[in-house]
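Protein sequences appear in the order of chains A and B. If you read the first sequence in the working numbering, its first letter stands for residue 183, the second for the next number, and so on. If you read the second sequence in the working numbering, its first letter stands for residue 159, the second for the next number, and so on.
Please keep in mind that the hints were generated in silico from the structure rather than gathered at the bench. Don't be surprised by glycine CBs; every beta carbon is placed ideally from N, CA and C. Check before you lean on any hint, since a few could be wrong.
[As the list claims (entries may be wrong)] Each computed DSBU-like pair below joins lysine-lysine, with the alpha-carbon atoms no more than 30 angstroms apart:
(1) B:Lys373 - B:Lys278
(2) B:Lys314 - A:Lys280
(3) B:Lys373 - B:Lys314
(4) A:Lys460 - B:Lys314
(5) B:Lys314 - B:Lys477
(6) B:Lys373 - B:Lys477
[As the list claims (entries may be wrong)] Facing chain B, a subset of chain A residues (Cβ under 7 angstroms, in silico):
(7) Asn329
(8) Gly490
(9) Ala493
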Amino acid sequence: MNGPASIPATAHDVADLLAEAARNRTRVVPVGAGTKVAWHHDPAPTAARLSTLGLTDGFLHDAGDLVATLPAGMTLADANARLALAGQWLPLDPSSDKRSTIGGLIAANASGPRRHRFGTPRDLIVGIEVALTDGRVVKAGGRVVKNVAGYDLSRLFCGSHGSLGVVTSATFKLAPIAFDSRTLVLQFPTLALALDSARALVHSDVTPSALELQGPDARLLVRFETTARASAAMADAARAHVGQMASTANIVGGDDEAALWHEHEARLTATEDETVVKVTTLPTRAPLILEGLGNAPLRAISGAAALGVLALRFRGEASAVVSAVDALHRRVLSQQGHLSVRHAPPAVREHLPPPPPAPASAVMHAVKRCFDPNGVLRRVPDGR
Amino acid sequence: MRLDSAFLERLRAAAPGGLITEPAARIAYETDALVHLRATPGAVVLPANATEVQAVVRLCHEAGVPFVARGHGTGLSGGALPHPDGVLIGLARLNRILDVDIPNLRVTVEPGVTNLEITKRVAPFGCYYAPDPSSQSVCSIGGNIAENSGGAHCLKYGFTVHHVLEVEAVLPDGTLTTIGSSCLDAPGLDLLGVVIGSEGTLAVVTRAVVRILRKPEAVMTLLAGCDSIDTAGEAVSAIIGHGIVPAAVEMMDRLTIDAAEASVAPGFPNTNAVLIVELDGPRVEVDDLFTVVERLCQESGARTVEIAYDQAQRERIWKGRKAAFAAMGRVSPNYYVQDGVVPRTRLSEVLGRIRALEARSGLRIGNVFHAGDGNLHPLICYDEAIAGQAAQAEAVASEILQYCIDAGGSITGEHGVGADKKAYMSTMFAEADLDAMQLVRCAFDPSGICNPGKVFPTPRLCGEVPGPYRQHPAERAGLAERF
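Next comes chain B alone, as it looks inside the complex (with noise of 0.2 angstroms):
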């Protein structure tokens, strides 16, 4: 370990009380929610401000010291997995809202305040902050930025970089900046939609400002219970054909309906899949479109409509499908959440590659997704008790990624690559595309100290020219090595 006795005094008096260094405190760290990818931080910091922030990350840099930022851990993709050698910066102090600007839309937040509570902040004034990933309640602001986050309303509203407006951020020289603008077109180029999803490797992010949006007139929701998810996705399709962009579109599947039932008890149709269309939006528009919904629904098959009347009956639904993650748990002693995209026209035939390979591994799939835009969360259901299963599982949820590369889509909609999935960044991308994105990392972290080895999936020393092998410096000092 590198982090010797004097570094770890600066370290304390760089952020006062917030240093820990007992090897059982530190455990507490050494993963986010992708639990079996561990790594026990070489020390833990958890700063009170921006300027300790910087601090540390000052000192990381001159000792070339790597370092991992931290939000609250709910990470999917091992993102914020600590280095043995290096400092993990929790974020979860800085958790005050520091600016509400009701006139204007905008909320200035520190990352540790969680998805949720701008939302809370704001209700009372009829305003919300879009971005709603299942987590929202425990995951924070600074993780949602890394990973660029959606949910299940990104279909119509966007990702976390259409709501970011500025950020403040330590670079990894300990510089602290302003990135964007709370104004719009900063001037400049755009750093902040590539710092926005950059999980951790280009800056710290210490305050951003956000915009929220007024609260729609009228929300409708339906829950229509279908044979199949053929008939769910032609039902999708005739809404978008239609020129309807719903605010959400969401399905499950049998697995995941009997799971979500076995917890929650949402009152699910008894059918093979259900599908949720969420429309919101001017009370008149509303009931135009939803009208059009309902029949395109039942003309695609749909054995079942239910529409919720209020927010009691919408909530209901929505407590099924947020809790179809956990509830697994119900029918499973282990499952593994993969995040894969395909284009959504190409749903059925990826479901149809998935359902095959569930019958030749033997383990059961479970299927739920955000059917609008062909995100799939297969949920693959293993006994880690039974030897060899858990790799099974892994090798299972590796081959859905490759189906939904050979269908034209992603290896992540919203989790992130973080350390899980770089090893893929090579099926999805050419060398040269790697390389460009190369660039950007060796622009703000030249020394390659800021959430090293995610991401990408061989880690390039930036000054790295074609041509025969040649140690880099860092490399020399011991700080990198090549694999």
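So that you can see chain A by itself, here it is in the shape it has in the complex (with noise of 0.2 angstroms):
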């Protein structure tokens, strides 16, 4: 990626650059903060980046209606902050960097802790609006959360990487801020004991919002969001559920809880030398999958443990970590899951095997034929 950036402020105006883009042949890279970039690998040989950063016009709230239409420029930092005068939010948090942007959230499909209540973008999306290659900005789904006219375009953009067009804005369902909020902290003997937990977990009467994995060492964070009284309730009634597994379990609110979470969403910041690839496997087979990295340079795991989503950490030799990531990923396939890259430095990049391609990837490939037909944007994601 190179070459200089163009700052559109209207969503015509990055149709325009795109229009201009295809006429010219030359290829173009949107990017937000681009804090998610290295999600979507594409050795492109040279891109002109177009930064949607100047597209921060259109914020609308309607707070009676749960629903809020969002710049793809604005930080979800900002647009939270303004969302929270009314006592709302939109339910994602991906990770304690507040550089991240609605375009950038939406085209990686990026989702925290609190996936385990509200899902991904996807989940949340109701309406979109992108500027495509052949100079147009056009609109799928609405301002209303309940509408099945025409394809729903929103969700095909979510985790499209910038392949397909560029999000200009989009509209989201939102959520109340949550009354009171408690966290149940349980430190587990095995990795495979914390997993066992959650699991069961979502099969007693709690209903966590966030059920977190800390490893290797380990841990289970527990967070409950609703009334106070609930909140307490739900927390006793979760450590006497799997309690007894646990080596030591403590509820924590207010101030340690946030310190608390905010240590957990910065557990996956990468530094360059680093490795980071992100593994989803049926929930059972979690246990399976972490067997066998004893030996591995694993500095940190995290994730959504009860849905199968675990995000891993790699620091060392790039030999080292090439053969963990290797051995792990075969684990991955041979229960059925997938595994991504989400960071790494060239030298262990290069030396990954590619995923197999989606079972459905030529309908990938021909999606991104029709909308753009020129190859302006970024290699459309096909699973390798």
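Join the two chains into one complex using the hints; note that each chain is given alone, in its own frame.
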């Protein structure tokens, strides 16, 4: 990625830039804050950066309808600060990085611990506006939560990593800010026991908003966000349900709780020489997949324990990281799961065998050809 | 008719024992639940498994014959309206539950399994399948996927798209593939997100992996009788403004209350509007919030507030609500069900316009709606024995859609566009928006044989470029026409 960045201020300016690139057969990489560009590997030779940071107009919050339209260049932190004035928020908490933009979150379909309750951007988006390489600005969905008119292009763009068009704004379903929050912190002797306990909680009556694993030290963070009485009651019930398997079980609230989650969110922030991979698996198979990481240069594991979504951070000699990730990948594939590389130094990246293409990758490429016939934008995500 | 005997013989071989060609038998498939749109399919085939579905679609692809997939025919927008020169693929025989994985909360089903069957199968394990359209005892999961069905509880739990993780599907060229993944975050583009709700125009689903949920520990339901829909609406605003997202919020007006009483006698209060609010979740949370909801209903001016303390009382309330459509038959010889959406905060204004329309048209209009998400179901009463009334009802129904669009809403919240509402797509979306949707269509179905003539107002051919009119190869071959 090189060349100077253009910073268009309107959706139509974005569309004009894309159309010009299509005419000139040049390539464009749309970038928000750039915090998640590496999640989708695209070793394209030269491309001009198109920054979405100028797209900051058009914030519209309908508190009574629990929806908001957010411009792509606005940061999630800014959006949530404004939504909080009416006691609401866009319930996504992808990282502690305050720079993440709405457009980038959609393109990467990024989420964090509260995914356990609220899902990912694709679960919350109800409408979208995008600029296409034919120079047009188009909309899909709407500003109401319930709507089945026409194809759902909003979801198609979630996780499309800037390959089909440039998201210029989107409308989301919001959530009320919880009355109260409490977190149960459980320390286990092994990762397998932590994962078993996470599943046991899912099959009980408690309804956590987040249920995160921390490894390799085998901790579970179980967050309850509802009324003060119910948060406390559920934290107690959860401790009673799985506490006997844990070596320690403490309930925290207030500033201690905030610090705990801040630290957790920062666990995946990788330095340049580190490698981060994301693994998804059926929840029951997570312990099998994590077995055999014994000698790996593993720094941290975190993720939605009960959903089977885990991120692992490695640091060490490139060859040792490559062999650890490769072995992990084989175990993941043998359990019908998926592994994707989110960040890796070149010395690691170039030695990792590519994953198999997605079963419907031919259709993904057909969609790409229809939306971007001149190949202006990034490579389409197709599993590889 | 283009289905010559050679083609029919190949079709017979593709799905042994499943071909229906007799005109009298084909007529049984001429409509879905939107009965005023009818077309007799050129042939009906009832495959027994995915391999046969694939063989049928491949034959259609090779011969350029259009096909329409059909679940249990409960759709309300003519999405399964057959093509007179095409093949109707009935999926009712693919009706097995293939796998129940309680530890991972996943169930694998064939498309002909009904929505409620999933819940029945997993209920002994304390689980259920969340989307609950009113027709859930008869509608198929395949149809739910096509329409992205919701239900009364989608305010809190979302739609079909939030609960289906993976499908096996036959693409319009006959390729059998997997879209999505039973593990989360399937690699690549989210094709599943666009296939769900595509009304059978992108693929034929032959298997689905759905997510099931643990039954909530507690459920509490409240029935409030109000002097007006406005009062009921104020209560809903107060509840949402208070940071409470109920599992369901439903409203009915006088005409639909009377109809429900005449039909299933749920014992609703004798008021101009009723509001049903249901909370579910952990016991302590439900207890806390229910107290607040009850108070907010009273403060908003509800005349009566009745609380269902047990399952029987709750079922009686829901029976009254779910019977509302069918019950209109008790108060009117015919009725037309509309499905539109408005931002919830503009409900009162739009209902005012509907009341004025009722007075102006002379046709009675009952209103029952999912009040939490602004999804209206006006029921327009008419008598087809009176000349011109059916057409008048349709005109009234379409005017209501215009009100929804004016208020920033949608022409359909859950019934789909199908054949019924495709003409309204251009009032909700700009030409460029529809063109962008068409790009997806062209990627999946470049020859336009998969449920053609649905969803989009004008069938645009793939590969068309703006500029002077040129005949498309498919037009020359007589496969498509412009209008």
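Hint alanine 493 (chain A) vs chain B: min CB-CB distance below 7 angstroms?
violated, 11 angstroms
Does lysine 314 (chain B) lie within 30 angstroms of lysine 373 (chain B) when you go C-alpha to C-alpha?
The given pair, whose Cα atoms are some 14 angstroms apart, holds under the 30 angstroms limit.
Holds or violated: lysine 460 (chain A) with lysine 314 (chain B), Cα cutoff 30 angstroms?
Judged against 30 angstroms, a Cα distance of about 29 angstroms means the pair holds.
For the hint on glycine 490 (chain A), does the least C-beta distance to chain B fall short of 7 angstroms?
holds, 6 angstroms
Cut-off 7 angstroms, beta-carbon criterion: hint that asparagine 329 (chain A) touches chain B
holds, 4 angstroms
Holds or violated: lysine 373 (chain B) to lysine 278 (chain B), with C-alpha atoms at most 30 angstroms apart:
holds, 12 angstroms
Holds or violated: lysine 373 (chain B) to lysine 477 (chain B), with C-alpha atoms at most 30 angstroms apart
Roughly 20 angstroms separates the two Cα atoms, so the pair holds.
Would you mind confirming whether the straight-line C-alpha gap from lysine 314 (chain B) to lysine 477 (chain B) stays at or under 30 angstroms?
Distance ~20 angstroms between lysine 314 (chain B) and lysine 477 (chain B) Cα, so the pair holds.
Does lysine 314 (chain B) pair with lysine 280 (chain A) here, judged by a C-alpha cut-off of 30 angstroms?
Given that 30 angstroms is the threshold and the Cα spacing comes to 29 angstroms, the pair holds.
When held up to the earlier numbered hints, the structure conflicts with hint 9 and nothing else.
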